[in-house]
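Student: Residue numbers (this note's numbering), protein chains in the order written: chain A, 1 to 212; chain B, 213 to 425.
To be clear, the hints were calculated from the coordinates, so they are not data collected in a lab.
Among these hints, one or two may not hold up.
Said to hold, decoys possible - Here are some chain A residues pointing at chain B (derived, C-beta under 7 angstroms):
id, residue
1, T48
2, L50
3, S74
4, L78
5, N84
6, F86
7, P87
8, H88
9, A98
10, V102
11, Y130
12, Y132
13, S135
What the hints assert, rightly or not - DSS-like, lysine-lysine: derived pairs with alpha carbons at most 25 angstroms apart:
id, chain 1, residue 1, chain 2, residue 2
14, A, K103, B, K366
15, A, K113, B, K343
16, A, K3, A, K208
What the hints assert, rightly or not - Computed list of chain B residues with no C-beta within reach of chain A, every gap over 12 angstroms:
id, residue
17, G222
18, I246
19, Y256
20, G285
21, V344
22, F357
23, E360
24, S369
25, R415
These numbers were taken from a predicted model, which means no experiment stands behind them.
Note that CB positions come from ideal geometry on N, CA and C, so glycine has one too.
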Amino acid sequence: MIKIDKLSKQYGDKVIFKDLSLTLQDGEILAILGPSGIGKTTLIKTLTGLEEAQSGEATMDGQDYAISDPAFTSQIGLIFQDFNLFPHLTVRENILLAPLTVKKMDRVDAETKANDLLTKLGLSEQADLYPYQLSGGQKQRVGIARALAMDPQVIAYDEPTSGLDEKATEQVVDVMLTLKKEGVSQLVVTHDLPFADKVADETFDFEKEVKR
Amino acid sequence: MENVMTFLPGILSGLQMTLGVFFITIIGSIPLGILASLAMKSPYFTVRWLVNGYIWIMRGTPLLLQLIFIYYGLAMVGLPFSRFESAAFAFIINYAAYLAEIFRGGLQSVPQGQFDAAKVLGLSKTQTFFKVVLPQVIKIVVPSFGNEVVNLVKDTSLIYVIGLGDILRAGSIAAARDVTLVPYLIVGVLYLLMTAVVTIILRASEKRLNVWR
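Generate coordinates for the entire structure from the input sequences, incorporating the hints supplied.
Tutor: In structure tokens, the structure reads:
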């Protein structure tokens, strides 16, 4: 279980959110809803360490962390809205980069794991293609595989359905529900309500529940 | 024809000098240019100011003048460099300044999202630079880098000013002695050959880098 408590973020005088608290149960999908420009993405960037918060605490598996502690933020994998795959690496290399360079995993083990992820996400045929050769939905799944390769406690998605057609959106739903079955906790920022209805166990209404 | 035989050895030893300056400049100016381009993004005002001043001077004055200053000027203040050392030093710091501007442009065109993705995956700044940023910068800068390398081939002819015997100087000597334009013709053909080789290598690397977009 992950608890975020009294999280505050402001740019200069502009308060993005104040005393925000939320809880994510293990294996749950929590959807954070609200119109664009309200600060949902800033929240997710704060949780993944891309933005620093002014104050806030986090609890993960009974352990307390300061909100911007890398030991906490590194446990949250992020799927970007525009994927941000590495264009100079193939799908397989995109997935292998962090396990090999950050975790210093053994190459054989890392490759085995990457192959499992590729199979699980239906990307085996695309393994040796470069990102520019993929469809939006495929890029999305590479992003998910790349995040999963680091064994995060939580996977966070930033507007995962924006720019995807109906079929690709269905695939994202399938992937998320499969991961949920495996016990992966997921956090999804979206303004796509029908999509949230399909995947979310809990919802968090940014507009109503957040002080600004 | 026997004339050609008399001046060919001179031209060939000039060619050796030309290629020496060329390669030492390439080897020295690339790392220095990368460092300078990173320093231009430094959080410290003084560092940025110094690097910008350096680049302004290097790009704002003729290389010929820089060569003269480094060879004769440094000797005057008691720092005598050999002719070749002076030439190498002048060419390296001059070309590093041009390359720094090119690399800076390349660095700026790598989207912020690439840095974010690397950070979220836990890559350190050094890992991000070498594994994510540099390969993308290289692809972006290869065409403008190529222009500089072709310029360098021809710029090496400036070293005559501090008395080094490059290929053009060897040609001049032979032309003056035998009152003929043939040595100049040979020198011109050799420059064309050198720039052709550079162009072919650069085209090939552009092609290789085009497997991804």
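Student: Would you mind marking each hint as holding or not holding in the structure?
Tutor: Status of each hint after checking the structure:
no. : hint            : in the structure
1   : T48             : 5 angstroms, holds
2   : L50             : 5 angstroms, holds
3   : S74             : 5 angstroms, holds
4   : L78             : 5 angstroms, holds
5   : N84             : 4 angstroms, holds
6   : F86             : 6 angstroms, holds
7   : P87             : 6 angstroms, holds
8   : H88             : 5 angstroms, holds
9   : A98             : 4 angstroms, holds
10  : V102            : 4 angstroms, holds
11  : Y130            : 4 angstroms, holds
12  : Y132            : 4 angstroms, holds
13  : S135            : 15 angstroms, violated
14  : A:K103 - B:K366 : 48 angstroms, violated
15  : A:K113 - B:K343 : 21 angstroms, holds
16  : A:K3 - A:K208   : 19 angstroms, holds
17  : G222            : 47 angstroms, holds
18  : I246            : 17 angstroms, holds
19  : Y256            : 21 angstroms, holds
20  : G285            : 44 angstroms, holds
21  : V344            : 6 angstroms, violated
22  : F357            : 17 angstroms, holds
23  : E360            : 23 angstroms, holds
24  : S369            : 37 angstroms, holds
25  : R415            : 19 angstroms, holds
Consistency note: the structure conflicts with the earlier hints numbered 13, 14, 21.
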